[in-house]
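*Asks:* Sequence:
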Amino acid sequence: MRELRILIVDDHPGFISAAIRHLRRQPWANIVGTAGNGIEAITQCETLRPDVVLMDMAMPEMGGLQAARLIKAQDEPLPYIVIASHFDDTEHREHALRAGADAFVSKLAYIQDVLPLLERLATEDTTS
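Quick note: the sequence shown, position 110, residue 110 per UniProt numbering, numbers continuous.
Derived by calculation from the structure, the hints in this document are not laboratory data.
Predicted model, so just to flag it, every value in this text is computed and none were measured.
A virtual CB, placed ideally from N, CA and C, is assigned to each residue, including glycine.
Check the hints yourself; a few may be wrong.
[Stated by the list, open to error] Ranges of calculated distance between the beta carbons of each label pair, as one might list FRET restraints: (1) 111 to 32: 15 to 25 Å; (2) 89 to 47: 27 to 37 Å; (3) 27 to 62: 31 to 41 Å; (4) 61 to 123: 30 to 40 Å; (5) 60 to 1: 33 to 43 Å; (6) 124 to 60: 28 to 38 Å; (7) 94 to 24: 28 to 38 Å; (8) 46 to 89: 24 to 34 Å; (9) 3 to 47: 11 to 21 Å; (10) 72 to 32: 31 to 41 Å.
All chains should be built: construct the whole structure from the sequences, respecting the hints.
*Replies:* See below:
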């Protein structure tokens, strides 16, 4: 199982703290940074080169959708982007995927949805 370098992006510090608390229990999770909006996320991705970005959809200054588009336009290797939102419906999921997100999770079931997804990424064979 490989280590995943994870960037958590959300405008609520309490949400970031809870996510870190849960992810730190996983031996494959390495939280390399946090950001409070999409602008900070772009800068952090350029600097930290995370494997995964867990990003809120709605944030001040720049939301997750616009940030996902810009992050996916950076130089490779590109991170796997997971967009999270309280609005869990087909329309929001489609917007996230069109913006370049690789996955969408509901904030209402965040840990239950994101942990299996990340564990699958950590166990994938990246040599092929």
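*Asks:* Falls inside 24 to 34 Å, the C-beta gap from residue 46 to residue 89?
*Replies:* At roughly 32 Å between Cβ atoms, residue 89 and residue 46 fall inside 24 to 34 Å, so the hint holds.
*Asks:* Does 30 to 40 Å hold as the CB distance between residue 61 and residue 123, or does it fail?
*Replies:* 35 Å, holds
*Asks:* If you check the beta carbons of residue 94 and residue 24, does the distance land in 28 to 38 Å?
*Replies:* 32 Å, holds
*Asks:* Could you see if the CB distance from residue 3 to residue 47 stays within 11 to 21 Å?
*Replies:* 18 Å, holds
*Asks:* Confirm or reject the claim that residue 111 and residue 32 have a C-beta distance inside 15 to 25 Å.
*Replies:* Given about 19 Å between the Cβ atoms, the range holds.
*Asks:* Has the hinted range 31 to 41 Å been met by the Cβ atoms of residue 27 and residue 62?
*Replies:* Holds: the Cβ-Cβ distance is about 33 Å, inside 31 to 41 Å.
*Asks:* So does residue 124 sit 28 to 38 Å from residue 60, Cβ to Cβ?
*Replies:* Holds, at about 34 Å.
*Asks:* Range hint 31 to 41 Å: satisfied by the CB atoms of residue 72 and residue 32?
*Replies:* 18 Å, violated
*Asks:* For residue 89 and residue 47, compare the CB-CB distance with the range 27 to 37 Å and indicate the outcome.
*Replies:* Holds - the Cβ-Cβ distance for residue 89 and residue 47, about 34 Å, lies within 27 to 37 Å.
*Asks:* That 33 to 43 Å hint for residue 60 and residue 1 (C-beta), does it hold up?
*Replies:* 36 Å, holds
Violated hint for the displayed structure: number 10, the only one.
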